[in-house]
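Undergrad: I would like the entire structure built from these sequences, with the hints used as guidance.
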Amino acid sequence: MTLFGYRVPMMASLLVWCVVWEIVGRLDLVFMLPPFSEVLAAAVDLVQTPSWQSATVTTLRAFAMGMVLSIVIGVPLGILMGRVKIADDLLGMWVNIFSSAPLSAIVPVLMILFGFGEKTIVAAVFLFAIWIIVLDTRAGVRHISPSLIEMARSYGASRPALYTKILVWAALPEILAGIRLGLIRGVKGVVIGQLLVAIVGYGALFETFSRNFRMAEFWALTIILFAFALLVAELIERAEAKVEYYAGARQ
Amino acid sequence: MGATALRNGPSPVPAPIDSIVEVRGISKTYGNVEALRGIDLDFPRGKLTSLLGPSGCGKTTLLKIIAGLTRADGGTVAINGKRVSAPGPERAFVFQDFALMPWATVTRNVAFGLELRGTNKAEREETAHRYIAEVGLAGFEDKYPHELSGGMRQRVGLARALSVDADVLLLDEPFSAVDEQNRRKFQEDLIRLRTNQNKTFIFVTHSIEEAVYISDRIVLLSPRPGRVSQIIEPEIDRSGDPERIHRDRHYLDTVEEIWQGLKQYVE
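If you're matching them up, the sequences are chains B and Y in order. Add 734 to a position in the first sequence, counting from 1, and you land on the number used in my numbering. Position 254, counted from 1, in the second sequence is what my numbering calls 246; the numbers after and before it change by one each time, with no gaps.
The set of hints was computed from the structure by calculation and includes no laboratory data. Worth double-checking, as some hints may not be accurate.
As the list claims (entries may be wrong) - A partial selection of chain B residues facing chain Y, derived with a Cβ cut-off under 10 Å:
| hint | residue |
| --- | --- |
| 1 | Ser771 |
| 2 | Met885 |
| 3 | Ala891 |
| 4 | Trp903 |
Please read these numbers as outputs of a predicted model, since none were measured by experiment. For each residue, glycine too, the CB sits at the ideal point set by N, CA and C.
TA: What follows is the structure in structure tokens.
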């Protein structure tokens, strides 16, 4: 973006919105919106409280467990669907439905199944993240050039070798893209899960802040969450860029 | 017949003295398209035989059946007198689109056949380096495929096929995705390589000039259904300067003769 002939750095637009937020906050128009500086100050205070720290540990742990589960199950499932037509016919419909369904509606059901604890949160993360991982992995496996598979066969690759030495690597760019999108959806899952259960981690904090109209802390927590989601996505994107190095040259 | 020993009409062709690959009664149908019908062929050991024909004549299908990559509907393929129906270590394939692993270096790509056989790393890399040099890619061992030109990538594909030390090399239109200048150079190198390596080459091409230039034996296939229509053995002296062949009278006559035969299949 250029303005009056000067190159404006990427972060500038963010800065503009922070200033707008600050002004609107200071005008005291809506109690929902305290000035941005106040939110920042609240964030600094917040991260020092034990309640935030323990909530973060709980949230991160549930998030990590849900993500690991959805990757460990999602990637092989996607590869299976990409390679075996019967599996694709059987599961394709469900994966597509779940990947676009309003999953928040199902979280209360998870609560009945798994109780008011961490299990429900993990299940929510899993439920939000896995489908896009399956779909992207499947697409990646489908796009592998048939001659690469013929090459492996003609040089005597066993079935396991074909999967571990060719298929997974050839589909890696799509698998990573799926994991990145899955991570972002997983953040959604962890928040929605915790909000509904309401007594665990960030859900409990959000509940406390909004019920007591502690808006500065509420926004601070929201910003921390957004920043976390973006950071994780950014990290995966870095890995993708590395993989692009060869994927860009795929025939 | 003058310049060429020419055998007309369909098979059976009298078997050469020592044939390494024997194809008997191979047929293949895709849906309701008959790709190959009753192919009988013998491939002499240590020679370069080309499968030549217009598109749709089933030449690549036949090559893939010999490779064990495609299953025939009927008939048998024997290598060294042993029937085969799956890929095996006595055959190595060179692909039209190179089929290199983009995430692996030139060395790992060339050594891949040996890696699959469980050869230890030091040994297979040493072999790979030897063949990388053999195909003229010394210095590119640690490059990735996308850093190479099309011609160089196919040299990697060729080095990979050589490094597994197979008796038969199967090449599926290996130069069709390579630009003209590189193709000429590559063809010359292939003639040289053939003399050094003492292997049997089966070469699929749709280029008449290419087939006549490099082959000891040309099998002409006719399309729909694919059948052997003619076998030609160009008697061209390839011992001297490869450049000279392009001006050789036998070479030019043979190209013309094949073209006259194939003309009828071109719309």
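Undergrad: For each hint, tell me whether it holds in the structure or not.
TA: Hint check:
For B:Ser771, the shortest C-beta to C-beta distance to chain Y is roughly 49 Å, which exceeds 10 Å, and the interface hint is violated. For the restraint placing B:Met885 at the interface with chain Y, the shortest Cβ-Cβ distance is roughly 4 Å, inside the 10 Å limit, so the hint holds. Evaluation of the B:Ala891 hint against chain Y yields a held restraint, the C-beta minimum of about 5 Å falling below 10 Å. Against a cut-off of 10 Å between C-beta atoms, the interface hint on B:Trp903 holds, since the closest Cβ of chain Y lies about 5 Å away.
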